[in-house]
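K.L.:
Keeping their order, the protein sequence lines are chains A and B. Just so you know, the first sequence maps onto residues 77 to 522 in this note's numbering. Just so you know, the second sequence maps onto residues 201 to 723 in this note's numbering.
Don't take every hint at face value.
Stated by the list, open to error - Capping the alpha-carbon separation at 30 Å, the derived lysine-lysine pairs in DSS-like fashion look like this:
no.: 1; chain 1: B; residue 1: Lys662; chain 2: B; residue 2: Lys312
no.: 2; chain 1: B; residue 1: Lys662; chain 2: B; residue 2: Lys605
no.: 3; chain 1: B; residue 1: Lys312; chain 2: A; residue 2: Lys122
no.: 4; chain 1: B; residue 1: Lys605; chain 2: B; residue 2: Lys619
no.: 5; chain 1: A; residue 1: Lys359; chain 2: A; residue 2: Lys396
no.: 6; chain 1: B; residue 1: Lys264; chain 2: A; residue 2: Lys359
no.: 7; chain 1: A; residue 1: Lys359; chain 2: A; residue 2: Lys231
no.: 8; chain 1: B; residue 1: Lys680; chain 2: B; residue 2: Lys426
no.: 9; chain 1: A; residue 1: Lys396; chain 2: B; residue 2: Lys426
no.: 10; chain 1: B; residue 1: Lys703; chain 2: B; residue 2: Lys605
no.: 11; chain 1: B; residue 1: Lys662; chain 2: A; residue 2: Lys396
no.: 12; chain 1: B; residue 1: Lys662; chain 2: A; residue 2: Lys122
no.: 13; chain 1: A; residue 1: Lys231; chain 2: A; residue 2: Lys396
no.: 14; chain 1: B; residue 1: Lys426; chain 2: A; residue 2: Lys109
no.: 15; chain 1: B; residue 1: Lys619; chain 2: B; residue 2: Lys680
no.: 16; chain 1: B; residue 1: Lys680; chain 2: B; residue 2: Lys605
no.: 17; chain 1: A; residue 1: Lys109; chain 2: B; residue 2: Lys605
no.: 18; chain 1: A; residue 1: Lys359; chain 2: B; residue 2: Lys703
no.: 19; chain 1: B; residue 1: Lys680; chain 2: B; residue 2: Lys662
Simulated from the structure, these hints should not be mistaken for lab results. Just so we're clear, the structure is a prediction, and the values are computed from it rather than from any experiment.
Listed here are the chains, written in short residue letters.
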Amino acid sequence: MRYLPLTDTERADMLARIGVGSIDALFVDIPEKHRLADLVDLPRRKTELEVERAIGRMAAANVSAGSVPFFVGAGAYKHHVPASVDHLIQRSEFLTSYTPYQPEIAQGTLQYLFEFQTQVAALTGMEVANASMYDGSTGCGEAVLMAHRVTRRRKAVLSGGLHPHYADVVRTLSAMAGDDVVALEPDVSAAEDLIQAIDGTVSCVVVQTPDVFGNLRDLRAVADACHANGALLIAVFTEAVSLGLVEPPGAMGADIVVGEGQSIGNALSFGGPYVGLFATRSKYVRQMPGRLCGETVDADGNRGFVLTLSTREQHIRRDKATSNICTNSGLCSLAFTIHMSLLGQAGLTRLARVNHANAVRLADMLDGVPGVTVLNWVFFNEFTVRLPRPAADVVEDLARRGILGGVPVSRLLPGAGLDDLLLVASTEVNTDEDRAALVAGLREVL
Amino acid sequence: MLNRQGRPTGTGEAATSGAGTFTGNRALLQEEALLFETGRLDATGVDIDEPAPFVSRLGGLERKTPLALPGLSEPEAMRHYVRLSQKNYGIDTGLFPLGSCTMKHNPRLNEKMARLPGIGDIHPLQPVSTVQGALALMEMLGHWLTTLTGMAAVALSPKAGAHGELCGMMAIKAAIAARGEAAQRTVVVVPDSAHGTNPATAALIGFTVRAVPAREDGTVDPEAVKAVLGPDVAAIMLTNPNTCGLFERDVVAIADAVHAAGAYFYCDGANFNAIVDKARPGDLGVDAMHINLHKTFSTPHGGGGPGAGPVVLSDRLAAFAPVPFVRRSGDGLALVEVDGDGEAAQSFGRMTAFHGQMGMFVRAMSYMLSHGSDGLRQASEDAVLNANYVRAGLADLMSQPFGDKPCMHEALFDDTWLKGTGVTTLDFAKAMIDEGYHPMTVYFPLVAHGAMLVEPTESESKASLDLFVATLRDLALAVKAGDTERFTAAPRLAPRRRLDETKAARSPVLRWTPPEPIRDAAE
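Isolated chain A, as found in the complex:
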């Protein structure tokens, strides 16, 4: 087997050196009747070529985003990632290293985490960021738990513009932990009154911008209402590129900003692995979940980096930890950091502007299609349209024509009476031809 270096001769020598007669002598602690004699009923080993064929067949049965006009978003976005990003994250010293427990030989990981934290804090307009979460949705769940720790209250209010998967993650975690959740009705037009839901028992209000329907939201009033009631404002985003163009939540009064970083540096990959971004105010840093990297010096006085404030963490605090998190999303945060470094603020701002321009152009075109109504006036690179028949059917019809036209709201909110709504995203990858194809496709199928 190509990944196993030992030869049978060596195995025999080693057993002799250990002083046992057979490999089974090393497995004697497994109860004999439960030791498997025969191999489990699965296929035998395959050559590299055979594996490529087997997985290649499965891959070929999927329609890839880059092969068609593509407008699917709702929490994960198709962006162009420079070739150098993927090359660099495959450097084996990054790819095959572990959590930097031995900082003297992990300065590469630690320095990029420090850079990552700095970039995330700047993007979100916050003071500190951690070294990443699994993804935006789990980060959102952790943000709510953190707010409960800070406020010593146990009730979260969720905006109706929050991505339904994110709301479900919070709901699941809260139900298990015995915390309260008040989830507002789906809010297609950002018209909900969050402020009336805030009182002295509320720990936090969770608001997404751009929200799941694409609306950009001004957070200042709700931030003020939170603070007047001793609650925290948790701002969520699922499209990190938007932060290149819109005012960051930190500048609008958010106390915790959490979101999905996939858009920068990371592939769609059918939903994971992604990278959760998590930022807050310095005063709350000791209540933060996840790993943190900090600057220090070594024995010679040279600048270096270490994991720090680990007394918050499970391996030290066990059942008193701020979170059970051990792994973060290291390599995805590296991809984020490299792509972000390549963009710089100049590149990110232009990228965001191209996204917005493409979406505006598409919205204008779709508004001209009979039966289609664009519901948003304000948006970044994604918006909601109303169709004359169920969006799920329309999406299937478009897919048969080789167009991936968006996400039917019913996929995220079945039974909510929003079956005629379609979420449409447009990024820098969309061309004039793509937009024309979507318009023509809709004209055909509607």
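Dock chain B against chain A, hints included.
P.N.:
This is chain B only, laid out in the frame that chain A set:
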């Protein structure tokens, strides 16, 4: 001393650091500034044209706060990150015997498979008719995992090991609630030797943790478990093979006792790699177990993630699995994405957006298909053989807390043999760095004093192990010979010497801020 980038180089102490160059560089080992110190606000490595004029629809929410994020051109970025990478130790660099972490070879075929457009470039919310191959791969992975573990069902969505623990414990909590015993069963039994994630997970969802000590041989005594079981106990969280590298030989008796008490058996599967295709957790009475695809099935650790932690479930817990999951539907595959009715009527809900770590699923599948059942068994056997080979090679010099007897995939030593030498476990680990090795796991598990947990994995050749054992023997003999400074001053040859963690924690600097003169100049 400061170099041209204005950062201290420490060349004033060249005698100790061994640099003594004007740059602070040591030939191939280059000092590297932070990207914020070399980048410029108007530099970029991505060519993007401004869009044609259009009317913005941002509704007055345009960014007014400056981003203040410098950029790098592509050549600068390449050099920056390549230099950073060279300050890291990886599996491809050398033996990485980090116990409990399973640093085995990461096959590059897996990377290639994850980057196929039909895998890496598909969206989780595309119509399911356009991702049938992806669902087939998830179904196949589920089949392999349930077959290897002898369990009824699998939840693929957990994002990492600790997330998998949370998934398993949530399924248990849901099952207990369904029995109407939620108010009564609030305690989770966790052995002292457990990973810190176990008690943290239990506490996260409102359980109280009750510890059970290990017996003298490093395993858990079923009688000790029985003594802490009661009508208030929801579950036990037991790692098997355990964190001392030992198989819990009384696991079946423990499982029986737990079940007799009306509780569930959560198995921490972090060390499943030792027994793949040798024994099935389902046969041992396990109700839920997470599988770290990044340990057992070789998906890269990536400097601390991303991981993937699918959870296999017994038929007693299967109905409570989280959404989403894959189901046969007619002649195709479907995704059950919403809990609350139908097949997901009893599901405890959703743990994450979308469907889990597809990029890790395909890498693990590529690993499993490559090995096949025969290769997986051989891998487990070689992992155990290699650990015992190292153990046998060091047994006369280093102390083992639970006696000189075979281990599973990792060998545990303690610091009894270091007593009175002036060398600690940490010093010994740091000296290994100078010899070109990544240290083993140190000070874990907590049940062994000054623990050193060595997991060589099946990826090491005999020659590599021979050199490793010889090196550790040389070091151990140096300890015994009183060559203390070799250890207390180590590492001397790494990119950095020992770092001041107290300083880092006392006054945390968690992000870069422009130095004062630069800030002043900008204003």
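K.L.:
Now look at each hint and say whether the structure bears it out.
P.N.:
To see whether the hints hold, each was checked on the structure:
no. : hint                  : result
1   : Lys662(B) x Lys312(B) : holds (29 Å)
2   : Lys662(B) x Lys605(B) : holds (21 Å)
3   : Lys312(B) x Lys122(A) : holds (16 Å)
4   : Lys605(B) x Lys619(B) : holds (22 Å)
5   : Lys359(A) x Lys396(A) : holds (20 Å)
6   : Lys264(B) x Lys359(A) : holds (24 Å)
7   : Lys359(A) x Lys231(A) : holds (21 Å)
8   : Lys680(B) x Lys426(B) : violated (44 Å)
9   : Lys396(A) x Lys426(B) : holds (25 Å)
10  : Lys703(B) x Lys605(B) : violated (42 Å)
11  : Lys662(B) x Lys396(A) : violated (43 Å)
12  : Lys662(B) x Lys122(A) : holds (24 Å)
13  : Lys231(A) x Lys396(A) : holds (21 Å)
14  : Lys426(B) x Lys109(A) : holds (23 Å)
15  : Lys619(B) x Lys680(B) : holds (10 Å)
16  : Lys680(B) x Lys605(B) : holds (24 Å)
17  : Lys109(A) x Lys605(B) : holds (22 Å)
18  : Lys359(A) x Lys703(B) : holds (18 Å)
19  : Lys680(B) x Lys662(B) : holds (27 Å)
Hints 8, 10 and 11 from the earlier list are contradicted by this structure; the remaining hints agree with it.
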